[in-house]
Amino acid sequence: MSSLTIKGRIWKFGDSIDNGNIENVMGGVDPEFKNKVKPGDILIAGRFFGMGASDEHAPRSLKEAGISGVIAESISNIFHRTLINIGLPAMECAGIADALRDGDEIEVDYLAGSVRVLRSGRTLAGDRLPDFAVQILAKGGLMPYLKNGGEFK
Amino acid sequence: MPLTLTEKIIARAANRSSVAAGDIVVANADKLYIKDLRFSKKEDAKGLYGVLLEVLESMGKKNVWDGGKIVVNLDEQPPRNEKRAEGQERARDFAREQHAVLYGGNDGGIGHNVFVEHGHVTPGEFIVGGDSHTCTYGALGAFATGIGFTETVGVLATGQIWLKVPKAIRFEMTGKPGSCVVGKDIVLWVAGKIGYEGAINRTLEYTGPGIKEISIESRLTMCNMAVEMIAVNAIVPADERTAAYVREVGAGDFTPLASDAGAKYEQVHGVNLSEIEPQVAAPEYPANAHPVGEYKGVKVNQGFIGTCTNGRIEDLRMAAGILRGRKVKAGVRLVITPASFFAYRLAEKEGLLEIFKNAGANVTSSECGLCVRQSLSAGEVCVSSGNRNYRGRMGPKESSVFLSNAATVAASAVAGEIADPREFV
Chain A
1 MSSLTIKGRI
11 WKFGDSIDNG
21 NIENVMGGVD
31 PEFKNKVKPG
41 DILIAGRFFG
51 MGASDEHAPR
61 SLKEAGISGV
71 IAESISNIFH
81 RTLINIGLPA
91 MECAGIADAL
101 RDGDEIEVDY
111 LAGSVRVLRS
121 GRTLAGDRLP
131 DFAVQILAKG
141 GLMPYLKNGG
151 EFK
Chain B
1001 MPLTLTEKII
1011 ARAANRSSVA
1021 AGDIVVANAD
1031 KLYIKDLRFS
1041 KKEDAKGLYG
1051 VLLEVLESMG
1061 KKNVWDGGKI
1071 VVNLDEQPPR
1081 NEKRAEGQER
1091 ARDFAREQHA
1101 VLYGGNDGGI
1111 GHNVFVEHGH
1121 VTPGEFIVGG
1131 DSHTCTYGAL
1141 GAFATGIGFT
1151 ETVGVLATGQ
1161 IWLKVPKAIR
1171 FEMTGKPGSC
1181 VVGKDIVLWV
1191 AGKIGYEGAI
1201 NRTLEYTGPG
1211 IKEISIESRL
1221 TMCNMAVEMI
1231 AVNAIVPADE
1241 RTAAYVREVG
1251 AGDFTPLASD
1261 AGAKYEQVHG
1271 VNLSEIEPQV
1281 AAPEYPANAH
1291 PVGEYKGVKV
1301 NQGFIGTCTN
1311 GRIEDLRMAA
1321 GILRGRKVKA
1331 GVRLVITPAS
1341 FFAYRLAEKE
1351 GLLEIFKNAG
1361 ANVTSSECGL
1371 CVRQSLSAGE
1381 VCVSSGNRNY
1391 RGRMGPKESS
1401 VFLSNAATVA
1411 ASAVAGEIAD
1421 PREFV
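Those sequence lines, one after another, are chains A and B.
Each residue of the first sequence is one higher than the last, beginning at 1 in this note's numbering.
Each residue of the second sequence is one higher than the last, beginning at 1001 in this note's numbering.
Quick caveat, the hints were computed from the structure, so don't treat them as lab data.
Be aware that a few hints might be false.
Said to hold, decoys possible - Label pairs and their computed distance ranges (CB to CB):
{"no.": "1", "chain 1": "B", "residue 1": "K1296", "chain 2": "A", "residue 2": "D98", "range": "36 to 44 Å"}
{"no.": "2", "chain 1": "B", "residue 1": "P1078", "chain 2": "A", "residue 2": "F33", "range": "31 to 39 Å"}
{"no.": "3", "chain 1": "B", "residue 1": "E1348", "chain 2": "A", "residue 2": "E151", "range": "49 to 57 Å"}
Every residue, glycine too, gets a C-beta built ideally from N, C-alpha and C.
For reference, chain A alone in the conformation it holds in the complex:
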């Protein structure tokens, strides 16, 4: 089960980070990040997050590091689907990068598509996820979804 409502500290990254540089918990951008991030933390990225290869060890490394959710200005289709399929909630939210400072705490409701910034009290509206994505996340990913009788209808 992936939680669709989360609260946590954010870590902010920039634009145009490709799959290869996400490998090993954002290792291509900040090799020390894997030692700093704590379970439950939330990853914020800019535009074009996860562009490039379809390799899954990059997104899996984020999940294995305990990251509880991803929000970016925009996310490549393949990468976004993969995050959902491995049970890591992710959504696009215009303006998220500007609205947050590194270390902010936020509350995210992936079902409603909303982000509340605790410091400013401001609420941002992200893109709501398609129903299939919500159902898959509710089961913890595509594999548990299919193993528990999930069907595409």
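Chain A is fixed; fit chain B onto it per the hints.
Below, chain B alone, put in the same frame as chain A:
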């Protein structure tokens, strides 16, 4: 309601009379491509087949949805390490037990080239593949898009995939490409013009009167790099060139489809092919593209001609045109990797491999090669006919990769610095 070509294919695959951008549909896959790397333990300790068997068992099934629709390819022969060798063994087990089509050895090469050259793409099909460059097949008028490891397991088990119908961008081509301008230059020019913002998660449709001037091989390049613009897919409506090509490679019969007049596009861009110069994409983004003249004189340590983007016979012929009677500059290495054995044998027959060797190039067996392997040291520069120049793609983060067509790579290897291939013909 008028539909784009991509919408027509998605609607048919989803058993619907019509779809529109933004709709969420469930489509039945006509084909599934899987690379051998997916069967290794790189992404999951159980490997793809191990994960799949667990899912099938929980669903009360023994077999995949339709083995005859699945093509598996061994992208690297011989395998480079134990993990890869083990993955290839599992890929062979899978193909044998699930009755999938398997390519490897000397009928193979890079999967996307093999998939096309062995007639697995029929115009109008809905194809997904476990590799991001699956979008290449759109060149033959099919819908094709890449998927990840877990999603590949899902398609194997169910034959289905849910998707959001993408918004469409149309490129209306006019004119004729000039000297040393091929699909690579056209797609880099397009990427340079619209950037990622314009194309992310969209459909790209290449059409217009100029499209008939563009070879099938160049169209394959243009669709291959759709994922480099972060698009979902790219497509070229099938025409007479497509029909002749699919007949030659033995693909199925098809009814030509095109977008309807009045179909909805988010953006329409005119592209005058005669105005496009050979392009170079500077580090670290494929959309960082400019005319080759802007980078003339940048010192080069390595040239690489190959990949699913530009390792086809058209590219090898272009490179040979530059390298005939010339030598690679001392201290520069030029590696030429025909993308498939189909291209390799043709190049051999036409005497191109001899030209490459005489020029001092290192000709290798057909595989993904240096595109997926580190070959640069800190500070080194490579000009590559491949598709990705992200930071650290071919070496440490202090190395850099420029992308261009194969003629520009060859000319640059001879000059020892980025050079305009038009000055060599």
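Hint by hint, here is what the structure shows:
1. B:K1296 x A:D98: 36 to 44 Å: Since K1296 (chain B) and D98 (chain A) have Cβ atoms about 39 Å apart, the given range 36 to 44 Å holds.
2. B:P1078 x A:F33: 31 to 39 Å: holds, 37 Å
3. B:E1348 x A:E151: 49 to 57 Å: holds, 50 Å
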